[in-house]
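The opening position of the sequence shown corresponds to residue 1 in the numbering used here, with each subsequent residue numbered one higher.
It is possible that some hints are incorrect.
What the hints assert, rightly or not - No farther apart than 25 Å at their CA atoms in a straight line, the calculated lysine-lysine pairs in the DSS-like style are these:
| # | residue 1 | residue 2 |
| --- | --- | --- |
| 1 | 381 | 365 |
| 2 | 94 | 45 |
| 3 | 187 | 45 |
| 4 | 313 | 349 |
| 5 | 187 | 94 |
| 6 | 349 | 309 |
| 7 | 379 | 365 |
| 8 | 195 | 45 |
| 9 | 131 | 193 |
| 10 | 45 | 56 |
| 11 | 108 | 45 |
| 12 | 365 | 230 |
| 13 | 63 | 45 |
| 14 | 187 | 108 |
| 15 | 365 | 349 |
| 16 | 156 | 187 |
| 17 | 182 | 108 |
| 18 | 131 | 373 |
| 19 | 45 | 156 |
| 20 | 147 | 193 |
| 21 | 310 | 373 |
| 22 | 156 | 182 |
| 23 | 56 | 147 |
| 24 | 182 | 94 |
| 25 | 156 | 193 |
| 26 | 230 | 131 |
| 27 | 147 | 195 |
| 28 | 182 | 193 |
| 29 | 147 | 108 |
| 30 | 131 | 108 |
| 31 | 381 | 309 |
| 32 | 195 | 131 |
| 33 | 156 | 195 |
| 34 | 349 | 381 |
| 35 | 349 | 379 |
Stated by the list, open to error - Restraint-style ranges between C-beta atoms, simulated for each label pair:
| # | residue 1 | residue 2 | range |
| --- | --- | --- | --- |
| 36 | 24 | 79 | 35 to 41 Å |
| 37 | 63 | 111 | 33 to 39 Å |
| 38 | 230 | 128 | 25 to 31 Å |
| 39 | 373 | 194 | 42 to 48 Å |
The hints are simulated quantities; they were obtained by calculation from the structure and are not laboratory data. Positions of the beta carbon are idealized from the N, C-alpha and C atoms, including for glycine.
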Amino acid sequence: MKNHTLIPLMTIDIAVPVQAFRFEYTLVGRSDLPFIREFILRLLKVGNMSATQLAKFLGLSEKEISIAVSQLVSLNEISVDNEGNIQLTAEAHKYFDGLSDNRPKITKLFEGTSTFKFDLLSFGLIRSDDKISSPLNAIRLSPETEKLSNSINYAKSAFLRNYIDIFEEESISFDGVNDIRKVELYKLSDVRKNKDYTARFALTFSLDTERNSIERHSESRFFDVDEIQKNLNEVLLSSYNSSNIQDIVSALVTLNEPQLLDCFTSDGIDLTALAILAVKQSASSSCRSYFLGTPTNSANWNQLTTLIKKHLKDGKSSATCTWLAPSDRFWLMSNQSFSRTSELLNATKGLQTLLYLPVAGSRDKHQEQIWKKALGPMKDKAIKVAEGFLGGSVEVISIPGVFSLLCFYLQKPGESASIPFGFITTETSDIDRIQQEFESYLGNYDANMERREYGPLVLSGQKLV
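Whenever a hint applies, use it, and build me the whole structure from the sequences.
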């Protein structure tokens, strides 16, 4: 895949469960000595000396050297014979670690209390620079029940195996210890669970044009952890929907889209042909351009917002934007897509955006709650609509007289994520046709003989939860 061309299709965020644990421990290590004490021992390592000679070398007064010698004698590090010669004791000789190290060090106990975070899948360390945030708008991974209930024991084992690496990663230091790798764990007194967190990383699905396949990739180190990969695969496969190729084809027939229909074969869809169409059409001067990827992917979003800004640039024009979300489980499942949705709903002056969200029926409380959580502060701007427009797997963003964007979310057999593709048109007849198609859909009735437009997601006076 190294030299292959990858076209980004969709980016989703993955939420990794994390817990913080408080560790109380005691270490044993070799510590540097205070300056005067160290140099007296180093001089005596070379040979015996008198107090006068030591004072001369160190620039100390008679009184100062007398105090220093008395202290070292009391510590059983030096001895003084009847003639006043000072020498190292056997104990002090042990301070010198081998022939290559001429600096004395003493064995010392260090007590510490630290809080470290571990993910609940592999119990790898969550570094201080790892992104910790809310699990909203992300695909959540779930630890095994046994690991969750015994997380303290797993965290303890992880600490015992890797405490040196953990100290290095988190820049934990101890006074007088220059080499943290030379300390040893003397005792682990206590481990306590502290708090739950969520680590987050972005996962991108891309089209490999040479292989005509969908590839997953991420710059995050979490993506390379076996336990996280395994759990991620299980979550993605468990949320897999059946193929919707026939629904997409029917929608394209309804819209009379021959160029997109030509990318379909008896076996499904030719992704490479789709990519060629997108590149070929974008290079032309046509009022229509085809694209791969979700509307919130950077290239597509830039094209969309450029059209909006061009229309609103004089500050006098205003517009109403219709935005229909697709029935796709990964829609709005990233910080990027959330922030760009918020941008269009809240931050574009002169633009009123009507966000339509598909639900199974007017009483579909389960999906309503999902949408409310996903939208957060934007939920009071959303409108419920019966799912199923053009088969349901289509996203529409349209401003009358300016542009219409249609994005189809194709679910291929065996693929864990849908394949978004579509077109943007500035052709007035196309815009009118798409707008009329959607308005006609809203004006008709669902299976329960209710209008398909069910009203606001949050009713006036309803508490925003």
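- Query: Does residue 45 pair with residue 156 here, judged by a C-alpha cut-off of 25 Å?
  - Reply: violated (42 Å)
- Message: Checking one constraint from the list: CA of residue 349 to CA of residue 381, max 25 Å. Satisfied?
- Response: The hint holds at about 16 Å.
- Between residue 147 and residue 193, does the CA-CA distance stay at or below 25 Å? holds (13 Å)
- Message: So if I understand the rule, the pair passes when the alpha-carbon distance is 25 Å or less; does residue 147 with residue 108 pass?
- Response: violated (36 Å)
- Task: Verify the proposed pairing of residue 195 with residue 45, using a straight-line Cα cut of 25 Å.
- Result: Distance of about 52 Å is beyond 25 Å: violated.
- Message: Hint check: residue 187 vs residue 45, CA-CA at most 25 Å. Holds or violated?
- Response: This hinted pair is violated, its Cα atoms lying about 33 Å apart.
- Message: Holds or violated: residue 182 and residue 94, Cα atoms, limit 25 Å.
- Response: holds (16 Å)
- Item | Pair hint residue 230 and residue 131, alpha-carbon separation not exceeding 25 Å | holds (21 Å)
- Between residue 56 and residue 147, does the CA-CA distance stay at or below 25 Å? Violated, because 65 Å separates the two Cα atoms, which is more than 25 Å.
- Given hint residue 94 paired with residue 187 - CA-CA distance at most 25 Å: It holds: about 23 Å lies between the C-alpha atoms, which stays within 25 Å.
- Task: State, for the Cβ atoms of residue 373 and residue 194, whether the hinted interval 42 to 48 Å holds or is violated.
- Result: Once the Cβ atoms are compared, 26 Å apart, the range 42 to 48 Å for residue 194 and residue 373 is violated.
- Straight-line Cα separation of residue 195 and residue 131 no greater than 25 Å? Cα-Cα ~16 Å, so holds.
Of the numbered hints listed earlier, those contradicted by the structure are 3, 8, 12, 15, 19, 21, 23, 28, 29, 30, 39.
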